[in-house]
Amino acid sequence: MIATRFWIRWRRFKSALGWTLSGAAFLALAVAMIQILFYVFAKGFKSLTFKLFTENTIGVGGGLKNAILGTLLLSGTAMILAALVGVAAGLYLSEYGEGRMGSLTRFLSDVLVGVPSIVLGFVGYVTLTVWLRWRFSLAAGAITLAVLMLPYIVRSTELALRRVASGIRESAYALGCRDHQVVFKVLLKAAAPGIGTGILLALAISAGETAPLLYTAGWSNYGWSGRLIHEPVAYLTYVIWSFIGEPFHSAHALAYAAAFLITALILLINLIARLLIATSPHGNR
Amino acid sequence: MWFRRLLSAFALLVPLVLVLIAIFLISYAWPAIRFNRLDFLLHDTWNIGNQYANPIVRRGATIMPGASFGIFFLVAGTLGSALIGLLIAFPLGLGAALFLSEAVPRRLGHLVSFFVELLAAIPSVVFGLWGIVFLVPLLSHHVYPILAETLSFLPFFRRPTGSGYGLLTSGLILSLMIVPFIAATLRDALASQSHAMREAGISLGATRFEVATRILLPGQKAALAGATMLAFGRALGETMAVLMVSGNALNYLPQNIYSPISTMAAFIVAQLDSALADPTGMAVRSLAEIAVLLLLISLLINGLARFMIGTLKEHTL
Amino acid sequence: MPCSSSHRLFARSCLILLAACLIGSPLRSSQAKTVHMIETGSTLLYPLFNLWVPVYTASHTNVRITTEATGSGTGIAQAAARLVQLGASDAYLSPALTHLHPGLLNIPLAISSQMVNYNLPGLNDRPLRLSGPVLAGIYTGRIRYWDAPAIRALNPGVPLPHHLILPIHRSDGSGDTFIFTQYLSFSAPSWMRTTAYGTTVSWPPVRNGMGATGNPGMVQALDTNPYAIAYIGVSYRSAILKDHLGQALLENRAGHFVSLTAAHVMAAVRARVNATPPNQAISLVYAPGAESYPIINYEYVVVEKHQPNPSLALSVRQFLDWAISAQGGNAPSFLNRVGFVPLPPRAIRQSEKQISEIR
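Chains as they are written, first to last, in numbering that gives the first Met the number 0: chain A, 0 to 284; chain B, 0 to 316; chain C, 0 to 358.
Here chain A stands alone, though its shape is the one from the complex (with noise of 0.2 Å):
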């Protein structure tokens, strides 16, 4: 009896120590978020001025115009390229991919995903920026981006299609609606929240990258003046990793501020797509 007793005990101590535990773990994932949002906030915070919105960067000194305009020029041309190409193949890999090719697809897709950036950046700068001598650019800095986007937007286009009951295409077949009817007035309409948040949160990826765009879309002190090849593109994420390796106040400032800026965004696009998701009828995450 006095065993039991004990053994009881023994397992309830057990148990406590293993939620400590748990909890420390949690904690501790906790303070390093906090922490980081924290320090980037209240650095960057202090570094904001108006100036950072109108005016360009010079030299190390400055504003962000230029910068901001540009993430938000790459990130957004990278993404409809993306969106084109991996929502109709998400399509595919959903609706007909049952096959040997879409399991190829798939799998390929994923390891897509696994790809360093770097990588990516490293086969753009050698194809894109030299060979076809398009120059650190627009295009070149875009279609990397857009490469680097794909299969998270494929893949997640194809879950949220999955997740549309297949009583619905049942039905819209049996209207006697074609394939491309199906998909267009059925099954997008059906799954577009899923999508949305697929797109925004590979939109959120591609905007804090840096290593892909250091060699393709190279750095500019000015505003983009409306070419696709041959006239180099800004954007935040270098003006954080080259500016704080200077040794100057206004460098560090930018650089904060830069910091600032493109963690906000992000963190944004990834409340707004968690919103989309929540409030939309079918997301059921």
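Hints in this document: simulated from the structure, not taken from any laboratory. Computed from a prediction, not measured in an experiment: that's the story for all the values here. Since no wrong hints were added, every one of them can be taken at face value.
Restricting the straight-line Cα-Cα distance to at most 25 Å, the calculated cross-link-like pairs of lysine-lysine (PhoX-like) are:
hint, chain 1, residue 1, chain 2, residue 2
1, C, K32, A, K64
2, A, K42, C, K241
3, A, K45, A, K64
Once you've looked at the hints, dock chains B and C against the given chain A.
Just chains B and C now, kept in the frame of chain A:
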């Protein structure tokens, strides 16, 4: 039918892009692969040669005198930092997921885990910035000296504690970057478990912790192993954050846990500059060989992960 | 359900196609008059370019110049590949590169120098005397302690500590490494035989040795590691002074120990400028003369002789002529802020000659 064909053409683009990248990289790196042979992986001297001498011909390739391309130190740095990252991230992710899905009210758990999993959304370069201005000074001035003092009986923890840029710092940052993959996978897997399982466990007299670890967790081994594998893959290929806090060691193996290191992905960014100056082009082609290696690793890791968990879920993307 | 009309789908496909075409075609709007130049390369020249560009573009409103700190190797390579117009480099073009790209010019814009710094608690106010062979010994691991006989012999009466030396080197490709290893190579034949010089060299493995990235990384590594030694570009002198780190007197070719002052740098320039060949590819390191500071170098801009169009060539020529002139870019108001020294008249004439070849 035309519509299906159109879609399949788009779908074909995805594998096509990967195959083109692979073919391009391998053919571009081919002269280096032939010249470096197995020395590439086994030696740890990366030297682009004397740039101010005249090119010479060796093993059928034109190179600068003294050039040799061995990346064993990069393999060591890459594996070392990724393993340390995983060793820290695994218990953290496991504990946090257990805590948030089993010990906290469901709604709160969802909200809080969304917050913690946002760690995965923070850009690599922001992690690097935080590492340089906050983590490195903190670790080198306060944490590492104490660590070296208290753990001096362990061989790899002894002094010198270095500049704060190095193996352990890289591992720590990597762990924060990959922990959301592990935590999110496990949390979703636990959430999908039926209430009946939990109730059955409780009615048998098990504590909630025992239910979680003895009944719920064992069924999720495959998912957990797959997510861990993918997280490891991420850590191996991480570029900017590691570049900023690793110390970018060239040609030497880590002497202890604080030693500066470099990783394969970070090395491509760090050395493309010098390599481009090599008139024979062998240095850039050897960097391409590193890229080929990273591509192979990604293929291998995904193959293994798929073998473990079948197809990938959304949050592991 | 109106599943009969496919007009909207058709319209949508057309739109998508149109968008694809728009994105696919190089949209070359002729921005006519404005000329956009890109400068990339040396991190040591970067601060100077950043001082120059706002002033220059303010008076030349049709010119835009983007500046980037990427490293000398990138500067040379991207100028050679014609990705950029101005490649900045701390090192002159190698013979092999010149052979490969006969159209490339290396044109000196200013003169830079390098400090050897150390962190010896209690001794940082006292300038230690160091020589090339002693530094070579430290960086190969043959001289391991601060109170080694070789260092004591150069510094009689200095209470050197019995402590391991931590040699710090640049782990990224760098012009600083180039001129530092040249100093070692020219003054210590054994270093020339084993390691030689370059923007990256295969550093001998030294216990306690460490790598750091960029000059800021060097300053920080030195600051946080007592008993360390490092080589750092002169632009970072204020950071060294702020952190109260030591700065060595270096032995020159004549056997004198000299400090890094503008006068000693000018003395070294005077000693070498007459030997400079028309293509200006020359090392200024370890110059003869009793007063010469041993580690100095020309800061080069690497330019392709044949520009794609005359207006771009004209803009490049005008900017470079301004940069090397004493009233323009070589004015003390610019150079003093980065610790550089202006080009002597003969070097200016040579640079002007090279600039005039840009067409």
